[in-house]
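Turn these sequences into a full structure, and let the hints guide you.
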Amino acid sequence: MSKIKISKLPLARREKVSPSNRFGGFDVFCFIILLVFALLIIFPFYYLFIVSITPQEIYANNSFILWTPEISFDAYKTVFTEKSIWNGFGITCILLFGGTLYQMFFTVITGYALSRQKWVGKNFVMNMILVTMFFGGGLIPYYVLIKSLNMTDTIWVMIIPGAIDTFNMLLMRNYFASLPKELEESAKIDGANDIQIFARIFLPLSLPMLATVGLFFAVGNWNSWYNGMLFNTKESLKTLQQVLQDVIYTPASTIPNPNPTRINTESLKMAAIFFTIIPMMLFYPFLQRFFVKGIVVGAIKG
Amino acid sequence: MRRKYLFLLTPVVAISSMTLTGCGGRDPKPDVYDKDGNLLISLRNLYFSDYTETANDVYLRELQEQFKVKLSFQSYQWSNWETQVTGAINADNLTDVFHANIDSYNFASYYKFWAEEEMIKPLPNDLTKWPNIKKMLENTSNVEKLYINGKLYGLPIAKNTTDYDTSFSPFTYIYRRDWAKKWGVYQENDIYTWEQFEALLEKFKTELAPTSRYALGDVEWGYPSIVNFYKQVPHCYAYDEATQDYVNNYLTDEYILGLEKSKSFKSNGYYYPGQNSAVDGRLNIEYYSNQIGILYENLSYSNYEALKKQLKISNASLDNFNIEDATAIMKIKAPADSIHADKYVLEGTDNWFSMTFFDFLISDAKQAKILDIIDWLLSEEGTLFSIYGIEGYDYTVDPITKEIELIPEAWPEDPQTHEKAAKTNGAKMLRYMGSLGYDTLGYDPLTNKESVAYLESWEAEMKEALEHDELDILKENKDVMWLTSNLKARYSGIMRTNALGTVMNYIYGTNRIVSIDDYKNDFKYPWAEVLAEINSLI
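Residue numbers (our numbering), protein chains in the order written: chain A, 1 to 302; chain B, 1001 to 1538.
Hints are supplied without guarantee of correctness; some may be wrong.
[Stated by the list, open to error] Coverage of chain B stretches by chain A, computed from C-beta distances (three or more under 8 Å per stretch; other residues unrestricted):
1) 1069-1079
2) 1089-1098
3) 1351-1357
Hints in this document: simulated from the structure, not taken from any laboratory. Glycine is no exception: its CB is placed at the ideal position from the N, C-alpha and C atoms.
Here it is as structure tokens:
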């Protein structure tokens, strides 16, 4: 790659590197502080990975390691061939895709309806939804409700009760309310009905907020374990996070170690943790630009 | 104004509707049979999480055919066991048989409450039909405390059905005997006086410090183990002979002496530095990774065997590393300034752990059928079936000597370790409803006989020490342990947890608990109130 001399740059770009804009002492200070923060965030992931690829002989004699002279992916091979991990992955994928779509549908249409002109009972519905942010029925009534709906020991218990998240619904509602009313009025003059206005005008304009809320739901579903823990007793319905919990507490029985002289128990745990965090880590960067924009835009009602 | 009323009314309606959802009648569960006439029984147990391959289990099939039942298994997670049990029981969503952790600290709030509220079904008064269960119950320690209005509401799960007498737990020290020998501080038969123990700690510290390793570590729940050599009782309620009252154990002179000793051990650098923040399992890893020289742990067979196995793997590259010589249980005698001077000290225990319960709504016939199964599994025939399998298929019995011989094809061995491959045997899992199976360790083909023999010899030695008044067992008075009273039932659990937090803060000088006065002042409400209640009732 050829270097471009600064004198050859157009004047406007040269001005940007004038002495007053140079990398100063304060910038160095900020850089160091940010670097330290970045390292603090990155280090646990790095440590996870290093332990997961360290063979037993090396790990056994160094309980804290920063680098391994020998790399072994045996722990990953074991994790990738473990039935319970894939079963949990399958259940979590159903929650991730099915659950997120389901939650998005109800949250978005509710947010839209509550952002529109007055309709009978709007305030009542709004209050009923708001109440759930401040008061809960308690665990046991909730459990009894789930049981009486015959949802225990089914995958539905991890999807259906979470149809509307109040916080996300408020984000959507505020965003829809921030869009100009004139858009709706002009669409009506052109003969569009409410569903067409919603689907063809408001939804395309709400992509940043949809991505943000979608990401919130997706992360929540990916990390979901509580409802499964409480209401499901079948091993086949365990989510990935539940399987991970088992691996961390009782790795020997959850993932049998095929070669204890080679693979250490901690490597198995770390490999399983890595397996569960990688999909979300890969997912985040692609939605990040929507994510920031969505949060900022949704916070202001125009 | 209308809006304000609406806003107030809404939560009232919402909460009422959610609360009323829980109200309703409880109908008894009818017995259900499959098309082949087998009675359907659902079971939930902590240990069933290790048992998922039920479909191809020949032993389970055999057992089900024998008893004309069809069993379905559900498990708890170790990490959420209590939440899962209490959630299911309070919402009336129980399996026919279930497993819960009961001890003197939750006896009133769980067991007694469940019994009185008719959530769990009592055992029949006459147990003569189930002789093995009856025998087990007759030998269960403190079983009389579990009777409410003359009825027993579950089966305490036996830790050991061959030796009921063991009254102490194996919470003790395992150490690197090879290091002690190498560095010249080893004492014959692993018996150490307090001075010898401190000399060993000092030597370990000197030798290990250059490589950032440490002399001592306690399993996370066991810290500070050093206090055990001083205190009167394991947990909250000690007895003061002078006032003849129960007092706060953590404020007794004996406990504080032990606390100061623990603090000095910490400041001397004997302890693993991350002891106060270690996550579950960390100290075990430190021990088998050659990072600490002594570990305080629950040395049950499974824990001891796991530590040995891992330590062996960690040192596989060393020539002449003999695991049987490298690690051993340390037998330490209490210091001269302790009430237990020159004696061994161990924590007292009941000979059972947790209980098997029956849903209140199941029929008498179904409960009897479940008891039939448990009783048979505890019998000699059932035990052989659980441990060895089917005669002629897994093992043979010599007609004259009655010795059992395994059929090699049925017990494949790992070519490297020569250990027998584990089998899927539902009967063994089901036996955990009545016994944890320690009674069968001696002849279970899947156990390490050397480890079993070693632990048994340690136990025998400690029993002998007890007979010769060389062992003190830390045990709360059973009247106070099992006392059910309002405040005690409500606060005992949290008091114990908070007290251990205060102890940890004092030793590490954290959370502004620096001086002994700070420590003493941290024991506030409800200690005085609970103790006053106990003293008024006993």
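Verification of the supplied hints:
1. 1069-1079: That given contact holds, which follows from 5 residues of the stretch 1069-1079 of chain B lying within Cβ reach (below 8 Å) of chain A.
2. 1089-1098: holds (count 5)
3. 1351-1357: Per the Cβ count (0), the hint is violated.
Violated hint: 3 only; the structure is consistent with all others.
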